[in-house]
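The listed protein sequences correspond, in order, to chains A and B.
So the first sequence is numbered by this note's numbering: it starts at 890 and just counts up by one.
So the second sequence is numbered by this note's numbering: it starts at 76 and just counts up by one.
Calculated from the structure, these hints are not laboratory results.
A quick note: this is a predicted structure, and the numbers were derived from the prediction, not measured.
Wrong hints could be hidden among the right ones.
[What the hints assert, rightly or not] Here are the computed lysine-lysine pairs in the DSS-like style, where the Cα-Cα straight-line distance is at most 27 Å:
1. K531(B) with K483(B)
2. K116(B) with K483(B)
3. K966(A) with K531(B)
4. K116(B) with K531(B)
5. K949(A) with K116(B)
6. K531(B) with K949(A)
7. K483(B) with K949(A)
8. K116(B) with K960(A)
9. K555(B) with K940(A)
[Said to hold, decoys possible] Examples of chain A residues lying across from chain B (beta carbon under 7 Å, computed):
10. K940
11. Q959
12. K960
13. Q963
We put the CB at the ideal spot given by N, CA and C, even for glycine.
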Amino acid sequence: MDNAPATPPKKSKRPLWIGVGVVAACFVIYIAFHGWPPIDNASGTIGAANKYRAGQMSEKDVRLQNPEVQKILQNDKIQAIINNDGFKSALATPAFTAAMSSPAFTAALATPQLASALAQPGLAAALATPALAAAMASPAFTTALATPQLASALSAPAFTAALSSPAFTAALASPAFTSALSQGHLTAALTAANLTSPALKAELKATLASPALQSALKTPELQAALSSPALSAAMQSPALQSALQAPSLQASLKSPELQSALSAPALQAALQTPALQSALQAPALQSALSAPALQAALQTPALQSALQAPALQAALSAPALQAALQTPALQSALTSPELQAALTSAAFTSALTSGAFGAQAPQ
Amino acid sequence: MHYPLRALLLSLLIAALSPSGLYGQLFERETDNLRLVYYSKAHEYLVPHIVGCFENAFRFESRLFDYRPAEKVNVLLQDFGDYASGAANTVPFDFMSIGIAPFSYVYETMPAEERFNLMMMHELVHVMTMDKPSPRDSFFRSMFLGKVAPIPEQPLSMLYAYFTGPRWYAPRWYVESIAVFMETWMAGGLGRALGAYDEMVFRTMVRDSSYIFDVVGLEAEGTKVDFQVGAASYLYGTRFISYLALQHGPGPLLQWFIQSPGCSAGYSAQFEEVYHASLDDEWQRWIGWEKRWQQANLDSLRRYPITPYRNVTRGAMGSVSRSFLDQGANRTYVAVNFPGQTPHIASIDVTTGSVENLHEVRGGALFYVTSLTYDPASRTLFYTADNNHWRDLYSYEVPTGTSRLLMKDVRTGDFAFNRGDRSLWGVRHFNGISTLVRIPYPYNEWNQVLSFDYGKDIFDIDISPDGSQLIGALTHVDGKQFLIRMKTSALLAGDASFDTLYDFVNSTPANFVFSEDGTRLYGSSYYSGVSNIVRYDIAKRAMEWVTNGETGFFRPLPLSRDSLLAYHFTGRGFEPVVIADRTVTDVNPVGYLGQAVVDSFPVLKTWALPPPSAINADSVTTSAGVYSPMGNIRLASVYPIVEGYKVYPGYGLRFNFSDPLFLHRIDLSASYTPNRSVPGDERLHAAFNYNFWEWGLNGAWNGADFYDIFGPTRVSRKGSSLGLNYRNYLTFEEPESLEFSGDLAGYWGLERLPEYQNIAVTFGRFYSFNAAVKYSLLTRSLGAVEEENGIRWELSSLNDEVNGVVYPRVYGSLESGTLLPIDHSSVWLRAAAGYSPGNRAEPFSNFYFGGFGNNWVDHGVIRRYREYYAFPGATLNSIGGTNFGKLLLEWVLPPLRFRRAGGESAYCTWAQLALFSGGIATNMDDPALAQTVGDIGAQLDFRFVFFSALESTLSFGYATAVEKREKMTQEVMVSLKILR
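Given only the sequences and the hints, what does the whole structure look like? Please build it.
Structure (structure tokens):
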């Protein structure tokens, strides 16, 4: 009998090979999609390109000259004014260019007193008051500016002489005068239909009776001003009377915005600053105001036409401009030390007088 | 009638010689090395910074090139265009023109480097490399008392120009390559030699197995047929010298470009001296290397699945604008610009790919074409024209096909339409400042919204569908770029704050647009070195990649929730494709050649300049004030000349004077004809020309002309003349112009008519006054040889006074041409008519016609058969009359371009055939004297380039003319125009 164990039957290796084949197939498929071995530069994410970069300049490395002025020039309303054909013609008239480049005018702009006055926070704040902004942008005001009579009046030698008389400027600055202005009576009086009428309007009576005006009238400065031959000549000039009676001027003087502006504490404070008073009395400014060149410029048909141009008036009275003038950003800009520094810089005055704000078309 | 014409002439001369006060002022700021001139005080705010940038670059380059120009470099600041520009020349003076507007960053063809810093670096390299003389050049400059500018009137000047400035005679790729290379490393790597666009162009060529032009073929053909035209010179040149730098280092590169004692005059010869190989051979080696380099990049990109796409159209479209979807019509609107056709707005069917040409874009720009936006409610497109100057805004109504000018010179682009209130928002470039503006309906005024500080620029803006948000790319002066978002209501209230969505560092966040539901943004970025489409989820504040491309994807436009239209870069421009809106997670970066260069040669890192603030402009300023053109006139050069008097040569000298800005240009010439056949009183010749702005004054004594040596047309005349001319534009908005000109002249001691050499005269003196008005609106496609389309007309009055009798003549011409569907082929109809009331027997009363009009050697218009006085086939001046009518029909065939016909020193770039036929009738009121002649002919022109910079044209013409009841006459014309 044979007890040796029987040779076990050979097992089939097919399942093993099938399994290996399946694994190999999976491996091949994987490699086909993902690659093998790991590839150089294969980051497996969004790989950033390798680029050398040295340090670059920063904003402080850019040295500009009065860039604040450029911001102003970018404004569409400013551009509308600058590019207005009438305005451009006015700027180009010999009278105007002579006025702008006259030594008197440039000296006036460069006077330390004016610079100091313009730098006064009070004045800047006054200019930035919404009321004044609204007043200056009101259609009545802009129309008034455009009246030929007003231009003629402003350029009358008597008027400019009056404006530049020390007595008058002192009176303008007297607290009593500004107080009278702020009560509205004086402005109302100025709109009386006929100042020379024997039948004085009630407003005029009230004005004359106001303690503030009486106080103002008593100040030596105002008395001197009122009695100056120059002022009386001016007040009697047909041009000024015509201007004062122009409905548009009367409307603007009556406007609540203007009255509110005139009575704004900021404006009053500004008018009382020694700097402004000093500026108004500066010989350079007075000389400039009375310069024949300026007077001729104000009377040029081109300038008057420009001021009356519908486009310009529309621009100045546009709600957008009014809104712009009242925006905190602009008010902030107007009172910013940078703008004040720009406005008083020699560069700005040089720019004003040499055409920086002129049309940009190249030769 | 007797006129005191001498008195009139004298008074006009006197008035003309007093130009001061008639023109605007120019201002200047000078340092030891610079004369900076500007025409507007409003640009003055930039002066300190520009002076700093100039001096900063000058100091470095002067040391590196070991050269300090003998004169100040004159720089003109201008704001003539809405995007930055720079140009430089060194002949006869060192001069640079700098456009102060911000750069266009489209497709990252320009880096976001601070622009004046970059432009000063770049343009000064041109000055240094072209101006620095070898000892030989210095010798000739001393001999000619300056650098000679080649002029067509005196062809010998070409030779003198080569003697005094040989490196000026170099191809564009050579001149620009070193400037781009230097600008990159001086800017610390922020330049085009390390740019993604350049890398993409060559990667695409290799991927598509496109032909890479050789050193001759690039300028002969490549820059004309490639949709990038002249930009191809920059691309090829920069790649080639970056390759040279990688192979051999920056040292030999500088040796090649910098003139030094013993160096070769020509750039090609100098290359051989430095690299010991021919330029041609090395260029071929570069091409082989470039293919291997780009193949490695492509292999790297292909490690991850490349995004599949479906082509919408059958071919690429050249440069493309932003595009918009008209869902109702299943069409997309895009502006395109490719060689052979004028730029236009196209309408593409997204499904079928059919393309319809909607409307021409006048003044289309390279790369971005126009600023296009769309109002889907009214189906109105808004686009800009005159894109290469001051942009105008137009509307185009798709339903009616009507285009309307909305605002002229609005200088605004990057438009986005606000569906909330129908307003347009855009970016205005003015005085170098970027301003976000809003143009409310009905689009007749713009309003400032936000002006950015100098150095910051916003572009590629879009507005959300509900109108509440605005996004855009914001770049800073340090080159960093961000994707930002602002609220439109806040902006209108004066609030300039913004939300930074993504910091792209130095890569451009390009063409981001809102999805239709406003929750996502789609744009493109070269973050990995390849421009891929990216998607930004606004709520999650997360950026994801949508494509892994081989060349580049741009300008995405959501088509549906799961697909986008995009533009895929190819060698023929951008092709619209549709891709799936999916996320890809794996994108390999590519390698930059520029990076390899700086890694191999870190010395380039030492080239990075310190900031320009290191220079105090006030400290280096030597003077500031008003620029006086008259006060700056000086001698530019003197050189010997040869002139022809009748058929005999004369020899003499020419003196050239100018101010550095070329406002005053004066030349004086004097020569002597030794031939004894010329009467003694005619042997001496003298002439002068003076030009100032629109005015010109000229005079001659026995006037001679170089080209009279060859004939058959001759302009030299016995006698003396004095003339005053005035030319000015009543309109100048390229390509449209309306010009007025007036000429007043007096002639004494004549024997032939000034205008007609074969017409003898019996009087010794006469005067003429001519005035003309000329209108032109002619356009050409990219790569064109000449204008191909448009209209031109002229009305002229010719008045001659002889012995107290005035002989007036008037004529007009009208030409109209249209581009055919065949690229660069056009058909023209040219008509002319004239009338004179004078006595037919008097020569002055007649018009004369005949001949092609070209001289054997010439410098006038090549296709002179188009002029009203020409009539090919008939003898010169053989047809005459006191009235005439003329018609010419012309077909200009497409040019045949030669990829390589010649060598580096001389090659032919193209040949073009024009066929024409016409007729003329004269003395139509007198049958006995009437002439009616017809002709038919052809002219074949070959354009050659000599010494890389001198373009000459060799023309062959044949025509036959036949008059009623007369024999046929024939004419063969051969003419070489020496300079363009």
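Against the structure, the hints:
no.: 1; hint: K531(B) with K483(B); in the structure: holds (26 Å)
no.: 2; hint: K116(B) with K483(B); in the structure: holds (24 Å)
no.: 3; hint: K966(A) with K531(B); in the structure: holds (23 Å)
no.: 4; hint: K116(B) with K531(B); in the structure: holds (22 Å)
no.: 5; hint: K949(A) with K116(B); in the structure: holds (23 Å)
no.: 6; hint: K531(B) with K949(A); in the structure: holds (13 Å)
no.: 7; hint: K483(B) with K949(A); in the structure: violated (36 Å)
no.: 8; hint: K116(B) with K960(A); in the structure: holds (14 Å)
no.: 9; hint: K555(B) with K940(A); in the structure: holds (14 Å)
no.: 10; hint: K940; in the structure: holds (6 Å)
no.: 11; hint: Q959; in the structure: holds (5 Å)
no.: 12; hint: K960; in the structure: holds (5 Å)
no.: 13; hint: Q963; in the structure: holds (4 Å)
Hint violations for this structure: number 7 only, all remaining hints satisfied.
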